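S.K.: Mind docking these for me? Both chains are given alone in their own frames, and the hints should help you get the complex.
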Amino acid sequence: MSETILPELFALLSTDLFLLLSLLTCLLEERFPKAIPYVYQIAALAGFGHLLVSKEFLTTFSEYMRFWYSFFYLIVALANIIAINVYLGVSKKLWTLSKAWSGAVTFPTIAISVFFAVNYGYTQGAQFPLLLLQVGLVASLLVMGLSISALLLRSDLLNKLRRRR
Amino acid sequence: MKLKKIQFRKSMKFLTLLLTSMIIATASAAMYYSLTMASTVEVYAANVVFWVGTDSGTKGLVVILNGANTTATLTGLRAYPNATFTYTDPVRVKNKGGTTAQLRLSPDVNPSANADDFEYVKFLLNATTSGDRKWLNYTSNGVSWTSPTGSTSWTTTGITGGSSWPIVVYTKARPAGVSGQTVTIVIKVDVD
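So the sequences go chain by chain: A and B. For the first sequence, my numbering assigns the number 11 to the initial residue and increments by one for each residue that follows. For the second sequence, my numbering assigns the number 149 to the initial residue and increments by one for each residue that follows.
Here chain B stands alone, though its shape is the one from the complex (with noise of 0.2 Å):
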């Protein structure tokens, strides 16, 4: 009787060891587990990158891509006082993946100087599809710059593996614009 009740006692006691053990062994190993997920972040290569267009080194523009094709740097784009000069493939974006990317074109720096001096830049997303199309408008009053701000242009558009799309680029300058005076803006495209 003695025996059995020493008995009982031990198994109790290695029955709730053995359950603790096993409710700390899972949250360890859970714990770890979530440990190797937050390290195994991968970096990959853009699929979506910019290419140099047909207008580069016509109409004094010069296009720069940094080594990955992820920054586009455009120089030497002209106004015209009163007149609309567009280039029509300065950039484009080319999806290199197999898969269709969705992405969008978005502000990032947004004009601040001469607006006395222009009338507009505007981008556009030249998608195949006259609907995909997207517009990024960058307007002067000839006192200041009204930059975009809602976001109905930047809705994302579907670009298909292995397509790419120009951003043309429409500019004009006011009639009294003085030659010589120059804008900067940052466009962003944004890749889902």
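So here's chain A without its partners, still in its complex pose (with noise of 0.2 Å):
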């Protein structure tokens, strides 16, 4: 019997994905909000509390439902990677840092996680909608991605306003 790909995966990928922010956004700090490199150490801790409750709850919890909290954290993830490319691009109108990021970042985190899912899905057979996991993991990496970026815009845009006041 070969190893199969487990669920939590995609919750420890997320959790790494979140500890590179920290130390991506704390490199970069001069162009974000003081707190975000250690908002996003508490993030990685989320995900560990998350391994965690896998663990202990192994025997009750059911592979489906494991799968998506741990593919939901993820796409909470990559939704924080795009945020932070969006608001390098658009608000700070860091270009070339924008597309160095897009590059070096978002686009490598989105792939291997694509292929994770896609993996995990095939591995998994006809349990899980294929079609289905990879339409919504572009439509909801694009959603989330949009809103986080447009609430740091805003915050941004607020800033501006009080700074003209």
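Do not take every clue at face value.
[Stated by the list, open to error] Capping the alpha-carbon separation at 27 Å, the derived lysine-lysine pairs in DSSO-like fashion look like this:
| # | chain 1 | residue 1 | chain 2 | residue 2 |
| --- | --- | --- | --- | --- |
| 1 | B | LYS242 | B | LYS270 |
| 2 | B | LYS207 | B | LYS270 |
| 3 | B | LYS270 | B | LYS244 |
| 4 | B | LYS158 | A | LYS109 |
| 5 | A | LYS44 | B | LYS158 |
| 6 | A | LYS44 | A | LYS102 |
| 7 | B | LYS336 | B | LYS244 |
| 8 | B | LYS336 | B | LYS242 |
| 9 | B | LYS207 | B | LYS320 |
| 10 | B | LYS336 | B | LYS207 |
| 11 | B | LYS336 | B | LYS270 |
| 12 | A | LYS102 | B | LYS161 |
| 13 | A | LYS103 | B | LYS158 |
| 14 | B | LYS158 | B | LYS207 |
| 15 | B | LYS270 | B | LYS320 |
| 16 | B | LYS161 | A | LYS44 |
| 17 | A | LYS44 | A | LYS109 |
| 18 | B | LYS158 | A | LYS102 |
| 19 | B | LYS336 | B | LYS320 |
| 20 | A | LYS103 | B | LYS161 |
| 21 | A | LYS109 | B | LYS161 |
| 22 | A | LYS44 | A | LYS103 |
[Stated by the list, open to error] If you want a taste of the chain A side facing chain B, the calculated C-beta under 8 Å gives, among others:
| # | residue |
| --- | --- |
| 23 | LEU22 |
| 24 | LEU29 |
| 25 | GLY57 |
[What the hints assert, rightly or not] Stretch-level coverage of chain B by chain A, calculated; a stretch enters the list once three of its residues show a Cβ under 8 Å from a Cβ in chain A:
| # | stretch |
| --- | --- |
| 26 | 176–184 |
| 27 | 235–242 |
Since the hints were derived computationally from the structure, they do not count as laboratory data. If you're wondering where the values come from, they're calculated on a predicted model, not measured in any experiment. All residues carry an ideal CB built from backbone N, CA and C; glycine is no exception.
M.R.: Below you can see the structure in the form of structure tokens.
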């Protein structure tokens, strides 16, 4: 019997993505609010909590349920990556940095996530709707990414308005 | 000077975050690994199985094995008043594996009925070497059954790969035992 991918892999991947975001936003701290790296560390800790809960309730939770809450957490992590990309490009007008971010962070992480999601879907056979999974992933990323970037932009706009007053 | 201060502060902040990131990443990976360990219990076919002995079909004995040969049901075993009746090879325990397996006979469901009809029912794990042989004796004093309680007869014994040992059954009914009365005993073969 071959060893299959567990749904918690998505939670582990998301935890690492949040840690990556934390370190990168720390390196680019002049461009982001000061609390952002710490917020991402807390988000990564939440991922660890995810894994802890999964382990403790392994026999209680069905695989379907474990998949969806791990996958949702991955969507949140990827949406944050996209949001930062949009924030750098649209709000801060740092086009070069935004392009570098999309090439070095956004695209590789989405590619890796889609690869794991598709692979997981195949190994689980017909248990998960594969097309819905892929379309859902892309749609969720777009919606959440745009929402988070809108949130960041709005706060930035508010700051600008306050300064004008 | 001011620039150096900022750089130092940023470095310290980054180092702190890096350290906590490493801790979180390691702990998460360890947690995931423990999950994979918890979920990769594999089912193996049993190496030690039952095998129908040469006594099956004789002396009223019928031996039925399940599909995986992991349970054996012996029916039609006879006990005669005041005489020991022996089934030398009703069912066998066979080690299909290549390595030695530790096994023992142990009680599962003890007899409770018709103690006034039987003297004893004894099971012997008839190992090739006499020193390795193990008994499991159920005796009756005419009022109640005495089942094996001590662990001395339950100690394990090693059966080499490819070997098969018969479980010999000895029966004896009381002189006043009523014909047609039955008793049911369930024993286990524990394998380490």
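S.K.: Each hint: holds or not?
M.R.: Evaluated hints:
1. At most 27 Å may separate the alpha-carbon atoms for a hinted pair to count; LYS242 (chain B) and LYS270 (chain B) meet this at roughly 20 Å.
2. The hinted pair formed by LYS207 (chain B) and LYS270 (chain B) meets the criterion: a straight-line CA distance of about 17 Å does not exceed 27 Å.
3. Taking the CA atoms of LYS270 (chain B) and LYS244 (chain B), the gap is near 26 Å; set against the 27 Å cutoff, the hint holds.
4. Restraint check for LYS158 (chain B) and LYS109 (chain A): satisfied, since their Cα atoms lie roughly 24 Å apart, inside the 27 Å limit.
5. Our distance criterion of 27 Å between C-alpha atoms is met by LYS44 (chain A) and LYS158 (chain B), whose separation comes to about 11 Å.
6. Note on LYS44 (chain A) and LYS102 (chain A): the hinted pairing holds, with a Cα-Cα distance of about 15 Å set against a maximum of 27 Å.
7. At most 27 Å may separate the alpha-carbon atoms for a hinted pair to count; LYS336 (chain B) and LYS244 (chain B) meet this at roughly 18 Å.
8. At most 27 Å may separate the alpha-carbon atoms for a hinted pair to count; LYS336 (chain B) and LYS242 (chain B) meet this at roughly 14 Å.
9. Straight-line distance between C-alpha atoms of LYS207 (chain B) and LYS320 (chain B) comes to about 14 Å, which keeps the hinted pair within the 27 Å bound.
10. Among the hinted pairs, LYS336 (chain B) with LYS207 (chain B) is consistent with the structure: their alpha-carbon atoms are about 23 Å apart, no more than 27 Å.
11. Between LYS336 (chain B) and LYS270 (chain B) the alpha-carbon distance is near 14 Å, which keeps this suggested pair within the 27 Å criterion.
12. Of the supplied pair hints, the one linking LYS102 (chain A) and LYS161 (chain B) holds, its CA atoms being roughly 23 Å apart against a limit of 27 Å.
13. Only pairs whose Cα atoms come within 27 Å are accepted, and LYS103 (chain A) paired with LYS158 (chain B) is accepted, the gap being roughly 24 Å.
14. Under the criterion of a C-alpha separation no larger than 27 Å, the hint pairing LYS158 (chain B) with LYS207 (chain B) is inconsistent with the structure, at around 91 Å.
15. A hinted pair counts as satisfied when its Cα atoms are at most 27 Å apart, and LYS270 (chain B) with LYS320 (chain B) qualifies at roughly 9 Å.
16. A C-alpha spacing of about 11 Å is found between LYS161 (chain B) and LYS44 (chain A), which places the hinted pair at or below 27 Å, so the restraint holds.
17. Annotation: proposed proximity of LYS44 (chain A) to LYS109 (chain A) holds, straight-line Cα distance about 23 Å (limit 27 Å).
18. The suggested pairing of LYS158 (chain B) with LYS102 (chain A) holds, with an alpha-carbon distance near 21 Å, which does not exceed 27 Å.
19. Between LYS336 (chain B) and LYS320 (chain B) the alpha-carbon distance is near 21 Å, which keeps this suggested pair within the 27 Å criterion.
20. Of the pairs offered as hints, the one joining LYS103 (chain A) and LYS161 (chain B) holds, with about 26 Å between alpha carbons and a cut-off of 27 Å not exceeded.
21. With a C-alpha separation of about 26 Å, the suggested pairing of LYS109 (chain A) with LYS161 (chain B) holds against the 27 Å cut-off.
22. For the suggested pair LYS44 (chain A) and LYS103 (chain A), the alpha carbons sit about 19 Å apart, so the restraint of at most 27 Å is met.
23. Against a cut-off of 8 Å between C-beta atoms, the interface hint on LEU22 (chain A) holds, since the closest Cβ of chain B lies about 5 Å away.
24. Taking 8 Å as the C-beta cut-off, the interface hint given for LEU29 (chain A) holds, the closest approach to chain B being about 4 Å.
25. About 6 Å separates the beta-carbon of GLY57 (chain A) from the nearest beta-carbon of chain B, less than 8 Å, and the hint is met.
26. Coverage of the stretch 176–184 of chain B by chain A holds [criterion: at least 3 residues with CB-CB distance below 8 Å; count 7].
27. Under the rule that three or more residues need a Cβ within less than 8 Å of chain A, the assignment of the stretch 235–242 of chain B is violated, with 0 such residues.
Violated hints for the displayed structure, listed by number in ascending order: 14, 27.
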